[in-house]
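Visitor: From first to last, the protein sequence lines stand for chains A and B.
Sequential numbering from 26 applies to the first sequence in our numbering.
Sequential numbering from 26 applies to the second sequence in our numbering.
Quick caveat, the hints were computed from the structure, so don't treat them as lab data.
Be careful, since some hints might not be right.
Taking lysine-lysine and the DSS-like style, the derived pairs with C-alpha atoms no more than 27 Å apart in a straight line are [unchecked claim]:
{"no.": "1", "chain 1": "B", "residue 1": "119", "chain 2": "B", "residue 2": "68"}
{"no.": "2", "chain 1": "B", "residue 1": "68", "chain 2": "A", "residue 2": "69"}
{"no.": "3", "chain 1": "B", "residue 1": "117", "chain 2": "A", "residue 2": "119"}
{"no.": "4", "chain 1": "A", "residue 1": "146", "chain 2": "A", "residue 2": "109"}
{"no.": "5", "chain 1": "A", "residue 1": "68", "chain 2": "B", "residue 2": "68"}
{"no.": "6", "chain 1": "A", "residue 1": "119", "chain 2": "B", "residue 2": "69"}
{"no.": "7", "chain 1": "A", "residue 1": "146", "chain 2": "A", "residue 2": "119"}
Just so you know, these numbers come straight off a predicted model, no measurement behind them.
Protein chains: 2
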Amino acid sequence: MPKKKSDTDAPEEQVTEAPAPAEAAQPQPAQRMSPPNHIFVGKKPVMSYAMSALIQLTQAGEVVVKARGLAISRAVDVAEIVTKRLGNGQFKVKDIGINTEVVGEGAEMRNVSSIEIVVGK
Amino acid sequence: MPKKKSDTDAPEEQVTEAPAPAEAAQPQPAQRMSPPNHIFVGKKPVMSYAMSALIQLTQAGEVVVKARGLAISRAVDVAEIVTKRLGNGQFKVKDIGINTEVVGEGAEMRNVSSIEIVVGK
Numbered sequence: 026m027p028k029k030k031s032d033t034d035a036p037e038e039q040v041t042e043a044p045a046p047a048e049a050a051q052p053q054p055a056q057r058m059s060p061p062n063h064i065f066v067g068k069k070p071v072m073s074y075a076m077s078a079l080i081q082l083t084q085a086g087e088v089v090v091k092a093r094g095l096a097i098s099r100a101v102d103v104a105e106i107v108t109k110r111l112g113n114g115q116f117k118v119k120d121i122g123i124n125t126e127v128v129g130e131g132a133e134m135r136n137v138s139s140i141e142i143v144v145g146k
Numbered sequence: 026m027p028k029k030k031s032d033t034d035a036p037e038e039q040v041t042e043a044p045a046p047a048e049a050a051q052p053q054p055a056q057r058m059s060p061p062n063h064i065f066v067g068k069k070p071v072m073s074y075a076m077s078a079l080i081q082l083t084q085a086g087e088v089v090v091k092a093r094g095l096a097i098s099r100a101v102d103v104a105e106i107v108t109k110r111l112g113n114g115q116f117k118v119k120d121i122g123i124n125t126e127v128v129g130e131g132a133e134m135r136n137v138s139s140i141e142i143v144v145g146k
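Given these sequences and hints, build the entire structure.
Guide: Below is the structure:
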């Protein structure tokens with residue numbers, strides 16, 4: 026049976042992890058405006074983030090891989106793939122920080138862990 | 026604000042305190058032999074690891090929270106819960122290291138990311 030290509034099954038392209046609507050309305054402090062060398066890891070395949078990271082690394086020399094919640098393990102995968110497999114030994118993990126972020130409002134408010142992995146030369 | 030970590034390159038711990046009697050009795054394969062203050066995060070509820078970590082912290086003053094694959098995000102949760110919520114401000118994340126481990130054999134062999142979070146005073 027030939028493989029059918031249907032547009033309805035197109036994979037979701039979620040660039041960021043759907044912030045709460047209320048957040049968008051608020052005046053954003055500088056920390057929310059992510060610089061171009063920050064990569065926010067979500068639900069896309071790991072290699073797509075790894076390629077973005079590699080491009081940023083070759084252009085800017087440093088990239089910050091960020092993730093929240095369950096995507097944290099994927100962010101670690103991205104950092105490991107970039108440093109161990111793709112980077113040809115040029116790049117290394119320079120810093121790792123973890124934190125807790127509060128997402129949602131009112132009864133929906135909850136704590137979510139986050140990670141920031143700085144990869145550079 | 027993420028916590029700044031330096032020296033992520035050398036996550037080697039040598040703590041020889043408080044051996045757990047129950048663990049000592051079990052025959053452990055070599056690679057699984059971990060010091061008593063290492064907590065390997067798996068599929069149990071987060072709070073169960075957090076409580077173990079807190080006990081180790083009060084006894085030994087330091088604990089290493091480890092995880093592989095998808096459990097990595099849970100290990101970060103454990104570290105955040107212990108430092109931010111349970112520890113009453115006494116403990117902090119001292120070091121975070123990530124790595125790639127090879128699991129399985131032959132055709133089943135694959136790379137898995139891992140994390141080690143050192144929590145102490």
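Visitor: Confirm or reject each hint.
Guide: Each hint tested on the structure:
Distance restraint check for residue 119/B and residue 68/B: the Cα-Cα separation of roughly 24 Å lies within the 27 Å cut-off, and the hinted pair is therefore satisfied. Annotation: proposed proximity of residue 68/B to residue 69/A holds, straight-line Cα distance about 24 Å (limit 27 Å). At most 27 Å may separate the alpha-carbon atoms for a hinted pair to count; residue 117/B and residue 119/A meet this at roughly 19 Å. Distance hint between residue 146/A and residue 109/A is fulfilled; the C-alpha atoms sit about 13 Å from each other, no more than 27 Å.
A hinted pair counts as satisfied when its Cα atoms are at most 27 Å apart, and residue 68/A with residue 68/B qualifies at roughly 21 Å. At roughly 31 Å between alpha-carbon atoms, residue 119/A and residue 69/B are farther apart than 27 Å, so this suggested pair is violated. Between residue 146/A and residue 119/A the CA atoms are separated by roughly 8 Å; this keeps the pair inside 27 Å, and the hint holds.
Consistency note: the structure conflicts with earlier hint 6 alone.
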